[in-house]
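A.B. asks: What follows is each chain in one-letter form.
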Amino acid sequence: EDKVVQSPLSLVVHEGDTVTLNCSYEVTNFRSLLWYKQEKKAPTFLFMLTSSGIEKKSGRLSSILDKKELFSILNITATQTGDSAVYLCAVPTQGGSEKLVFGKGTKLTVNP
Amino acid sequence: DGGITQSPKYLFRKEGQNVTLSCEQNLNHDAMYWYRQDPGQGLRLIYYSQIVNDFQKGDIAEGYSVSREKKESFPLTVTSAQKNPTAFYLCASSIRTGNPYEQYFGPGTRLTVT
Chain A
1 EDKVVQSPLS LVVHEGDTVT LNCSYEVTNF RSLLWYKQEK KAPTFLFMLT
51 SSGIEKKSGR LSSILDKKEL FSILNITATQ TGDSAVYLCA VPTQGGSEKL
101 VFGKGTKLTV NP
Chain B
1 DGGITQSPKY LFRKEGQNVT LSCEQNLNHD AMYWYRQDPG QGLRLIYYSQ
51 IVNDFQKGDI AEGYSVSREK KESFPLTVTS AQKNPTAFYL CASSIRTGNP
101 YEQYFGPGTR LTVT
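Which chain is which? The protein sequence lines are A and B, in order. Numbering follows the numbering used here, with no gaps: position 31 of the first sequence is 31. Numbering follows the numbering used here, with no gaps: position 63 of the second sequence is 63.
Be careful, since some hints might not be right.
Listed below are the simulated DSSO-like cross-link pairs for lysine-lysine, each with C-alpha atoms no more than 27 Å apart in a straight line [stated by the list, open to error]:
id: 1; chain 1: A; residue 1: K67; chain 2: A; residue 2: K104
id: 2; chain 1: B; residue 1: K57; chain 2: A; residue 2: K3
id: 3; chain 1: A; residue 1: K107; chain 2: A; residue 2: K67
id: 4; chain 1: B; residue 1: K14; chain 2: A; residue 2: K107
id: 5; chain 1: A; residue 1: K107; chain 2: A; residue 2: K40
id: 6; chain 1: B; residue 1: K57; chain 2: B; residue 2: K83
id: 7; chain 1: A; residue 1: K68; chain 2: A; residue 2: K56
id: 8; chain 1: A; residue 1: K3; chain 2: A; residue 2: K107
id: 9; chain 1: A; residue 1: K104; chain 2: B; residue 2: K9
id: 10; chain 1: A; residue 1: K68; chain 2: A; residue 2: K40
id: 11; chain 1: A; residue 1: K56; chain 2: A; residue 2: K3
id: 12; chain 1: A; residue 1: K41; chain 2: A; residue 2: K3
id: 13; chain 1: A; residue 1: K104; chain 2: A; residue 2: K40
id: 14; chain 1: A; residue 1: K37; chain 2: B; residue 2: K14
id: 15; chain 1: A; residue 1: K40; chain 2: B; residue 2: K14
id: 16; chain 1: B; residue 1: K9; chain 2: A; residue 2: K107
id: 17; chain 1: A; residue 1: K57; chain 2: A; residue 2: K68
id: 18; chain 1: A; residue 1: K67; chain 2: A; residue 2: K3
id: 19; chain 1: A; residue 1: K41; chain 2: B; residue 2: K83
id: 20; chain 1: A; residue 1: K41; chain 2: B; residue 2: K70
id: 21; chain 1: A; residue 1: K56; chain 2: A; residue 2: K40
id: 22; chain 1: A; residue 1: K37; chain 2: B; residue 2: K57
id: 23; chain 1: A; residue 1: K56; chain 2: A; residue 2: K104
id: 24; chain 1: B; residue 1: K9; chain 2: A; residue 2: K37
id: 25; chain 1: A; residue 1: K41; chain 2: B; residue 2: K9
id: 26; chain 1: B; residue 1: K9; chain 2: B; residue 2: K83
id: 27; chain 1: A; residue 1: K3; chain 2: B; residue 2: K70
id: 28; chain 1: B; residue 1: K14; chain 2: B; residue 2: K71
id: 29; chain 1: B; residue 1: K14; chain 2: B; residue 2: K83
id: 30; chain 1: B; residue 1: K71; chain 2: A; residue 2: K104
id: 31; chain 1: A; residue 1: K41; chain 2: B; residue 2: K57
id: 32; chain 1: A; residue 1: K104; chain 2: B; residue 2: K57
id: 33; chain 1: A; residue 1: K68; chain 2: A; residue 2: K3
id: 34; chain 1: A; residue 1: K40; chain 2: B; residue 2: K83
id: 35; chain 1: A; residue 1: K104; chain 2: A; residue 2: K37
id: 36; chain 1: A; residue 1: K56; chain 2: A; residue 2: K41
id: 37; chain 1: A; residue 1: K3; chain 2: A; residue 2: K40
id: 38; chain 1: B; residue 1: K83; chain 2: A; residue 2: K104
Derived from the structure by calculation, the hints contain no laboratory data.
Produce the complete structure using the sequences and hints provided.
C.D. replies: Listed below in C-alpha cells is the structure:
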C-alpha cells in the first residue's frame, strides 16, 4: 500500500527561524512528489518534484527530493507569521495517474 | 475568475438524513476529486472522476455517492450509511495532460451531523 509519512506533526517557532519539514514515502511506481500549503481552507500548490537532488525554490521556500532514500524536505528560511499553516506532502498512487495519497501534514505555527 | 467553488461553507444535518455537497469548476478540467479531512489527518480520497459520466471509488467511498453529468460539476452525497460523516470535505480538479498531478482545491465544506 502506498503511503506518505510526514514529520514532525507540529512545530512551533519564532519569526526569523529556519524550519525543515520532512516527508518520507513508499510508492510502487514513483513519478513525483508534491507539496501543498493549507492555511485555513483550500490547500494551495507549492512544488512538484520529480528528480533527485534538484532543488526547487520559491522565495523563502525550497524543496529537494532524494529518490534513493525515499524522502523530501521542505525548507522555510526567515519564517514569518504568514507561514503558519499545515504543510501537506503527497504522491501519485499506482491506481491512477491523477490519484494522490497525502501525508497527515505538519502544522507549523510561527509566533511573532 | 477561474476556480472551484463549493457550497455551502458550513452545513448542519441531523443523523439519518442524506445531504448533498456542491462542487463546481470553470477551469475546464477533466478530472475532479472529493476528499475528506479529519482533525490531525491528511486528505483521504472518497471518489474521483476522470471524465464526464464516469467515476471511481477512492479509499473511503462507503456511505458516499457521486455523479458526473457535466464536466463542470461533481456533487457528493453523504448518505445515512456513512457512520462518521462529520468532517471537512474538499473538492479538487486537475487537467489530464501537462501537469496532471497539480490539483486545484475548492474552499471546502464543513459538515456537522448531530
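A.B. asks: Looking back at the numbered hints, which does the structure fail to meet, lowest number first?
C.D. replies: Per hint list: 4, 10, 14, 27, 28 and 30 violated.
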